[in-house]
Structures are given as C-alpha cells and as structure tokens.
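Participant: In case you want the letters, here they are:
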Amino acid sequence: DVKVTQSSRYLVKRTGEKVFLECVQDMDHENMFWYRQDPGLGLRLIYFSYDVKMKEKGDIPEGYSVSREKKERFSLILESASTNQTSMYLCATRDAGPHYGYTFGSGTRLTVV
Amino acid sequence: AQSVTQLDSQVPVFEEAPVELRCNYSSSVSVYLFWYVQYPNQGLQLLLKYLSGSTLVKGINGFEAEFNKSQTSFHLRKPSVHISDTAEYFCAVSELGQNFVFGPGTRLSVLP
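Protein chains in written order, with our numbering: chain R, -11 to 101; chain Z, 738 to 849.
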C-alpha cells in the first residue's frame, strides 16, 4: 500500500512564524497535492506538483508556498502564519493516469495563535 | 467549471437502518466520480469510484453508489449501517482525469 506520511499530527504556532509542513510518500507517485480542510467548505486545493521542482497554484495559494526538491517529498510553507490559516492540512498523492484516486496522509491540524 | 454539491451536511440514522448520502455535480464533459470517507482524526480513504461501464459501483464496507448521468448525480447508499460507519463522507469529481474537486462533505452519525 502507498504510504503518505505527514510529519506532525498537531502543531501550534505563533502569528508571524514561518511554518513548514512536510509530506513524504513511499511509492514513487508523480503527483502530490496540498489541501486545507475547513468545516462546511470541504477540501480546497492550495498547491500541487506533477514532477520534481515543478509546482502549480491551486485554488487558494495566497499566503503559502511549496517545495519539491525530491520526488517523494512535498513541503508546504506558511511564510508568515496568520490566525486564518488555522486549519487541517492534508497531503495527497496520485499516480500518473486519469484512473487513479488520491491517497491521503493522516493530516496535520495546525493552530495559529 | 466543475463543482460538487452534497445536499446534506449532517445525516443522523439509527444503527441497521439504510442510508443514502446525496452528491450532485456540474460538468460539461465526461467525469470520473469518487466517494471518500474520513474517520475522526484521520485522512481520507477511498470508498469507491466510477470511471466507466456499469453505473452501479460497489465499494468497501458494504457501500455502493449509482451514477446517473441525466441527473448528474452519484448518490452513496448502504442498506444497513453500523456504529463504525460514523464518519464524514466526501464526494469528488475529476473532469477527464484532471485534479479533483471535492464536495463540502456529509457527516454521518449512526445512533444506537
């Protein structure tokens, strides 16, 4: 089974801090995604990547950036954390090809105080 | 642009009763359809998917869904729910294999 590991389950940070959320997958999948999940809003796409060193903005990229230096690792960066970035963050991967569903990590619940 | 509507934000149901969670989508092209389940404090797991062929799709844990192209719907059903089915359920749509669009989710609460 594909494993998608997010480094932290719970994280508390202060306003203005730079925050790194790490995601590592072990199955050589091409595509990786970062979503945030908020009650009543479902999952919203922040950034995605189809290849190493490639990144594309999703629907809500403001206040975030990403890094993909290696195929297995996709990092989400909050340049200057704000309270409205308090949320559940989910990393997902997908193998190349339209038939494949996403495999999700367990999520990181980030609280910015 | 594609969008997904899940009409019920919360569905309470008694144990062993049947349940239907509704999903409607809007798209002008062919789509792939998915249902995911999220148990408390976990990521999302794939329940089932429709890619082509038979419109009735069977998934894990006794769930099934039916694709209705004319009504642009993909409702999820289970004939008899268990306490362990308490979770949040997300419908997702992918136009021709593009990135997914997720619905807002339906919280299913199974009561004893």
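Just so you know, not all the hints are guaranteed correct.
If you want the ones that stay clear, here's a sample from chain R, every Cβ over 12 Å from chain Z, calculated [unchecked claim]:
1. Q25
2. D26
3. S55
4. S75
5. M76
6. T91
Straight-line alpha carbon distances no greater than 25 Å define the calculated DSS-like cross-link-like pairs of lysine-lysine that follow [what the hints assert, rightly or not]:
7. K795/Z - K(-9)/R
8. K786/Z - K806/Z
9. K58/R - K6/R
10. K786/Z - K(-9)/R
Source of the hints: derived by calculation from the structure; they are not laboratory data.
We treat Cβ as the ideally placed atom computed from N, Cα and C, and that holds for glycine.
Participant: Run the C-beta distances from S75/R to all of chain Z and say if the shortest one exceeds 12 Å.
Facilitator: holds (14 Å)
Participant: The output says S55/R does not contact chain Z. Does that hold with a beta carbon cutoff of 12 Å?
Facilitator: holds (20 Å)
Participant: Would the hint linking K795/Z and K(-9)/R be met if the CA-CA limit is 25 Å?
Facilitator: Holds, at roughly 24 Å.
Participant: Quick one: work out the minimum CB distance from T91/R to chain Z and report holds if it exceeds 12 Å, violated otherwise.
Facilitator: Non-interface label on T91/R violated, nearest chain Z Cβ at 8 Å vs cutoff 12 Å.
Participant: Hint check: K58/R vs K6/R, CA-CA at most 25 Å. Holds or violated?
Facilitator: holds (21 Å)
Participant: Does the structure keep K786/Z and K(-9)/R at a Cα separation of 25 Å or less?
Facilitator: holds (20 Å)
Participant: Checking the smallest CB distance to chain Z, is M76/R really beyond 12 Å?
Facilitator: For M76/R, whose nearest Cβ neighbour in chain Z is about 9 Å away, the distance does not exceed 12 Å, so it is violated.
Participant: Is the nearest CB of chain Z more than 12 Å from the CB of Q25/R?
Facilitator: Violated, since 8 Å does not exceed 12 Å.
Participant: A cut-off of 12 Å on Cβ-Cβ distance, and D26/R was said to be off the interface with chain Z. Does that hold?
Facilitator: Non-interface label fails for D26/R: nearest chain Z Cβ at 10 Å, not farther than 12 Å.
Participant: Would the pair K786/Z and K806/Z pass a check requiring their Cα atoms to be no farther apart than 25 Å?
Facilitator: Cα-Cα ~15 Å, so holds.
Hints 1, 2, 5, 6, counting from the list given before, are not met by this structure.
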